[in-house]
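These protein sequence lines are chains A and B, in that order. Using the working numbering, you'd call the opening residue of the first sequence number 1 and step up by one each time. Using the working numbering, you'd call the opening residue of the second sequence number 1 and step up by one each time.
Rather than coming from a laboratory, the hints here were simulated on the basis of the structure. Incorrect hints may appear among the rest.
It does not matter which identical chain is used: a pair holds within one copy or between any two.
[What the hints assert, rightly or not] Once the Cα atoms are required to be at most 25 Å apart in a straight line, the calculated SDA-like pairs of lysine to any residue come out as: (1) LYS107 with THR20; (2) LYS357 with TYR92; (3) LYS296 with THR231; (4) LYS236 with ALA363; (5) LYS357 with ARG104; (6) LYS236 with ASP293; (7) LYS355 with ALA142; (8) LYS257 with VAL274; (9) LYS296 with ARG203; (10) LYS355 with PRO90; (11) LYS337 with ARG260; (12) LYS357 with ASN61; (13) LYS337 with ALA380; (14) LYS331 with THR251; (15) LYS107 with PRO290; (16) LYS357 with ILE98.
Residues per chain are reported as follows:
Number of protein chains: 2
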Amino acid sequence: MTSPAFDISSLHAFYANGGTVASIIEAVFARIAEVRDPGIFLHLAGKESLLEQATALGAFNPSVKPLWGIPFAVKDNIDVAGMPTTAACPDYAYMPDIDATVVRLLKEAGALVIGKTNLDQFATGLVGVRTPYPVPRNAMDADLVPGGSSSGSAVATAQGIVSFALGTDTAGSGRIPAGLNNIVGMKPSLGALSTNGVIPACRTLDCVSIFALTVNDVWRVFEVAARRDATDAYSKTIPADGFGQTPPVLTIGVPAKADRLFFGDAVMEMAYDVALQMLTNLGHRLVEVPFGDFYKVANLLYEGAWVAERYAAVKDFFDTNEASFHPVTRKIYGGAKQLSAADAFRGLYALQDLKQKVAPLIASVDLFCVPTAPTHYTRADLDAEPIRENSRLGTYTNFVNLLDMCGIAVPTGTRSDGRPASITLLAPSGRDGLTTSLARDIHRGSGLTLGATGWLQPITKDTSFVDDVGLIDIAVVG
Amino acid sequence: MTSPAFDISSLHAFYANGGTVASIIEAVFARIAEVRDPGIFLHLAGKESLLEQATALGAFNPSVKPLWGIPFAVKDNIDVAGMPTTAACPDYAYMPDIDATVVRLLKEAGALVIGKTNLDQFATGLVGVRTPYPVPRNAMDADLVPGGSSSGSAVATAQGIVSFALGTDTAGSGRIPAGLNNIVGMKPSLGALSTNGVIPACRTLDCVSIFALTVNDVWRVFEVAARRDATDAYSKTIPADGFGQTPPVLTIGVPAKADRLFFGDAVMEMAYDVALQMLTNLGHRLVEVPFGDFYKVANLLYEGAWVAERYAAVKDFFDTNEASFHPVTRKIYGGAKQLSAADAFRGLYALQDLKQKVAPLIASVDLFCVPTAPTHYTRADLDAEPIRENSRLGTYTNFVNLLDMCGIAVPTGTRSDGRPASITLLAPSGRDGLTTSLARDIHRGSGLTLGATGWLQPITKDTSFVDDVGLIDIAVVG
Numbered sequence: 001m002t003s004p005a006f007d008i009s010s011l012h013a014f015y016a017n018g019g020t021v022a023s024i025i026e027a028v029f030a031r032i033a034e035v036r037d038p039g040i041f042l043h044l045a046g047k048e049s050l051l052e053q054a055t056a057l058g059a060f061n062p063s064v065k066p067l068w069g070i071p072f073a074v075k076d077n078i079d080v081a082g083m084p085t086t087a088a089c090p091d092y093a094y095m096p097d098i099d100a101t102v103v104r105l106l107k108e109a110g111a112l113v114i115g116k117t118n119l120d121q122f123a124t125g126l127v128g129v130r131t132p133y134p135v136p137r138n139a140m141d142a143d144l145v146p147g148g149s150s151s152g153s154a155v156a157t158a159q160g161i162v163s164f165a166l167g168t169d170t171a172g173s174g175r176i177p178a179g180l181n182n183i184v185g186m187k188p189s190l191g192a193l194s195t196n197g198v199i200p201a202c203r204t205l206d207c208v209s210i211f212a213l214t215v216n217d218v219w220r221v222f223e224v225a226a227r228r229d230a231t232d233a234y235s236k237t238i239p240a241d242g243f244g245q246t247p248p249v250l251t252i253g254v255p256a257k258a259d260r261l262f263f264g265d266a267v268m269e270m271a272y273d274v275a276l277q278m279l280t281n282l283g284h285r286l287v288e289v290p291f292g293d294f295y296k297v298a299n300l301l302y303e304g305a306w307v308a309e310r311y312a313a314v315k316d317f318f319d320t321n322e323a324s325f326h327p328v329t330r331k332i333y334g335g336a337k338q339l340s341a342a343d344a345f346r347g348l349y350a351l352q353d354l355k356q357k358v359a360p361l362i363a364s365v366d367l368f369c370v371p372t373a374p375t376h377y378t379r380a381d382l383d384a385e386p387i388r389e390n391s392r393l394g395t396y397t398n399f400v401n402l403l404d405m406c407g408i409a410v411p412t413g414t415r416s417d418g419r420p421a422s423i424t425l426l427a428p429s430g431r432d433g434l435t436t437s438l439a440r441d442i443h444r445g446s447g448l449t450l451g452a453t454g455w456l457q458p459i460t461k462d463t464s465f466v467d468d469v470g471l472i473d474i475a476v477v478g
Numbered sequence: 001m002t003s004p005a006f007d008i009s010s011l012h013a014f015y016a017n018g019g020t021v022a023s024i025i026e027a028v029f030a031r032i033a034e035v036r037d038p039g040i041f042l043h044l045a046g047k048e049s050l051l052e053q054a055t056a057l058g059a060f061n062p063s064v065k066p067l068w069g070i071p072f073a074v075k076d077n078i079d080v081a082g083m084p085t086t087a088a089c090p091d092y093a094y095m096p097d098i099d100a101t102v103v104r105l106l107k108e109a110g111a112l113v114i115g116k117t118n119l120d121q122f123a124t125g126l127v128g129v130r131t132p133y134p135v136p137r138n139a140m141d142a143d144l145v146p147g148g149s150s151s152g153s154a155v156a157t158a159q160g161i162v163s164f165a166l167g168t169d170t171a172g173s174g175r176i177p178a179g180l181n182n183i184v185g186m187k188p189s190l191g192a193l194s195t196n197g198v199i200p201a202c203r204t205l206d207c208v209s210i211f212a213l214t215v216n217d218v219w220r221v222f223e224v225a226a227r228r229d230a231t232d233a234y235s236k237t238i239p240a241d242g243f244g245q246t247p248p249v250l251t252i253g254v255p256a257k258a259d260r261l262f263f264g265d266a267v268m269e270m271a272y273d274v275a276l277q278m279l280t281n282l283g284h285r286l287v288e289v290p291f292g293d294f295y296k297v298a299n300l301l302y303e304g305a306w307v308a309e310r311y312a313a314v315k316d317f318f319d320t321n322e323a324s325f326h327p328v329t330r331k332i333y334g335g336a337k338q339l340s341a342a343d344a345f346r347g348l349y350a351l352q353d354l355k356q357k358v359a360p361l362i363a364s365v366d367l368f369c370v371p372t373a374p375t376h377y378t379r380a381d382l383d384a385e386p387i388r389e390n391s392r393l394g395t396y397t398n399f400v401n402l403l404d405m406c407g408i409a410v411p412t413g414t415r416s417d418g419r420p421a422s423i424t425l426l427a428p429s430g431r432d433g434l435t436t437s438l439a440r441d442i443h444r445g446s447g448l449t450l451g452a453t454g455w456l457q458p459i460t461k462d463t464s465f466v467d468d469v470g471l472i473d474i475a476v477v478g
């Protein structure tokens, strides 16, 4: 029996037809060997342990265990019991006894943890190169940075090693690497997924994010993982609903032309225009919105208060182990050491001022469509400008959690130079279903293959929650 | 023509019958002279200026100007154009060119600013004695502290010098002095009244509060002043509705008996029991709620983050003019100088943890009824224990703004020792109308006279928004 594609519906069709989890575990390890990228995983599950877990799943029963037999990877700032958590800082490593809440929920739904993945140290960065371990290779183009901070999780997914992977997202860590690796990256509404068992970056802004090969798969994982958790003070009840038939005419905010930033990357600008044309073709209405105040919000994230919050999260360790940090991370955190409580409040006030300014803009549309990243950078670019290019990558991501919005990055096509193109849909907290529905339309419309695998998008009526009316028509476009 | 009582309906009846604003202005100054308390006002309006303003009001027309000809006082941390703002710190004083937003709205509705009132310096304190000016005398008992920080505003109202007064409330400054002076003190939902033109204490928690002789009057002022203000980043749209007939059976949370704190004041405990009996007699259902976590929230206010926020509000002035501060205030602010941004975030996290814990308790009732203050303190008590007794006064107030609740302090009776008794009703943000409706029932049921004036509670059907069914029956009790 040939190994199927790793999207969930293909795997479940495989299992329904008698395929075994053991053969999929073999396929996972075969792919890891084939990909030969020592930067992806910081820890791998033992094959024996996985086979035991597979046995414990019992008979294939996706209605009871919606992620039955699905392999996934976990960013190494999220606890998996019995695997070290490093945050890509070996001296910080510890061995957790219990799973992070989201990991536990996914395991209970039948998913199998393949391993822990590399990241920008302490989830600070959007590039994926700020790690003492080998840098994961961008799955689409090894010259490019993989994106971060959830670099390993994105690459593992794009390479077809796992069906999905958990990341985290404070500044864009769940969206940028998706955009740079031709996969889907969902950053849920803050509080939807518990951060219990996750090493904080900025506790007030952190969320667990989901990478997958398809939009349907992102939503299936979200449905399992989105649970109010009394052990996480920032947890909220965010219902996993609203995914299905996209409303026929959405009002979609896009940055006013004069406010769009691509840092000279005309190809990315063109790719964005093509994506917007796709939205128009789908029947939606685009509205240009001034973006200056969104950029001001974005700039807050690396000034004052929230850098101090990152520092606060690891203060005791940093104060005694500064030399253990990656040089760039050390520089960023060190700059926050002297910040006062007054500085923190100044940041909170500045944010509140800007929130009031952008509130009417946000209220004027159903959702926003922005480029995921303004441009691509090579590893050489980052060697030359390790901080500036990182900041630029966050142009369209940094403001999102500060404004309590949800987002999903979705591939839109392949640029003329072969690099991936991606847009991100953004909406106020709680509209995860709406953004995800539209993301599904876009991904289907793109006709793209999945990640770097060459696998086709599945054409299925497999999920009760998807209204597949019109599916074939759209998919044929690709 | 004899001068009427200063509640708004009595004053408006006086004007409707041909009484003049000039005669009321004369009565105001006559009362100021009679009261002979140099601690109440830090600045008084000129009589000539008030008479000019009275002329400018035009003919009596309360439907256009709902506060036509109503004298009021303004706490001296709120700007009134042309009157110095001191915050009870003479070296800090400045002369504002424009009114604070709330002052402007009240003037536009026909109200007349009589003067600026004394306070605990920079609104830090619940006692009223932390001022370099003479301490305002408690209107009911000159041995007692007047309560603060809005000491002068409360006493001016209780003495019948003005119909109402503005205070501010961060920790309880709009409730404690109401409770200690036999008047009504409303602390609206955060953001309902603009803080534009108000010297911040804790910007994230501050609100402008309203003192008045009757509950109806508090609500009339609230209706005028509650306006979304784009110049205040913390302003919200809080509709001034829900005031009227109280629902017949409310579920009212009260601190579990074992959690009630009166610091040995058995008379206050008895007064509180009598107030609860009054609620039962009104047909409502009392539910005991564990209060330990509310007290933990209260303690946060004078630890770490929010003390630092007070310091941050006047940092530049404090750092260069420490000697200008009241000794107790200086000690409190000075303790916050060294706090780091990490400390600030630790406070925010601790609050978030507690918010999650008390959320189900808050959701389990319609509103809460707590003592306004746990006990009374004399000025001699405060000389002996300037910080501890202040903290104890805040037992039932300090947690309220941190939990984004609204509140109203209302007199319930006179203790056996002649000191005033008061309870405070608390509810989640936006339920101002509900708490105020019940406060009106309680005040009427008490049959108390107004403040220290001896004036009877008005028995009127003067307001379209009040359903006066049953009024006479209840008022007869007094």
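Outcome of the hint check:
no., hint, in the structure
1, LYS107 with THR20, "within (18 Å within a copy, 79 Å between copies)"
2, LYS357 with TYR92, "neither (41 Å within a copy, 31 Å between copies)"
3, LYS296 with THR231, "between (33 Å within a copy, 18 Å between copies)"
4, LYS236 with ALA363, "both (22 Å within a copy, 15 Å between copies)"
5, LYS357 with ARG104, "between (40 Å within a copy, 23 Å between copies)"
6, LYS236 with ASP293, "between (27 Å within a copy, 20 Å between copies)"
7, LYS355 with ALA142, "neither (39 Å within a copy, 47 Å between copies)"
8, LYS257 with VAL274, "within (14 Å within a copy, 67 Å between copies)"
9, LYS296 with ARG203, "both (21 Å within a copy, 21 Å between copies)"
10, LYS355 with PRO90, "neither (38 Å within a copy, 35 Å between copies)"
11, LYS337 with ARG260, "neither (34 Å within a copy, 42 Å between copies)"
12, LYS357 with ASN61, "neither (50 Å within a copy, 37 Å between copies)"
13, LYS337 with ALA380, "neither (30 Å within a copy, 44 Å between copies)"
14, LYS331 with THR251, "neither (42 Å within a copy, 55 Å between copies)"
15, LYS107 with PRO290, "neither (44 Å within a copy, 37 Å between copies)"
16, LYS357 with ILE98, "between (43 Å within a copy, 23 Å between copies)"
Violated hints, in rising order: 2, 7, 10, 11, 12, 13, 14, 15; the structure is consistent with all others.
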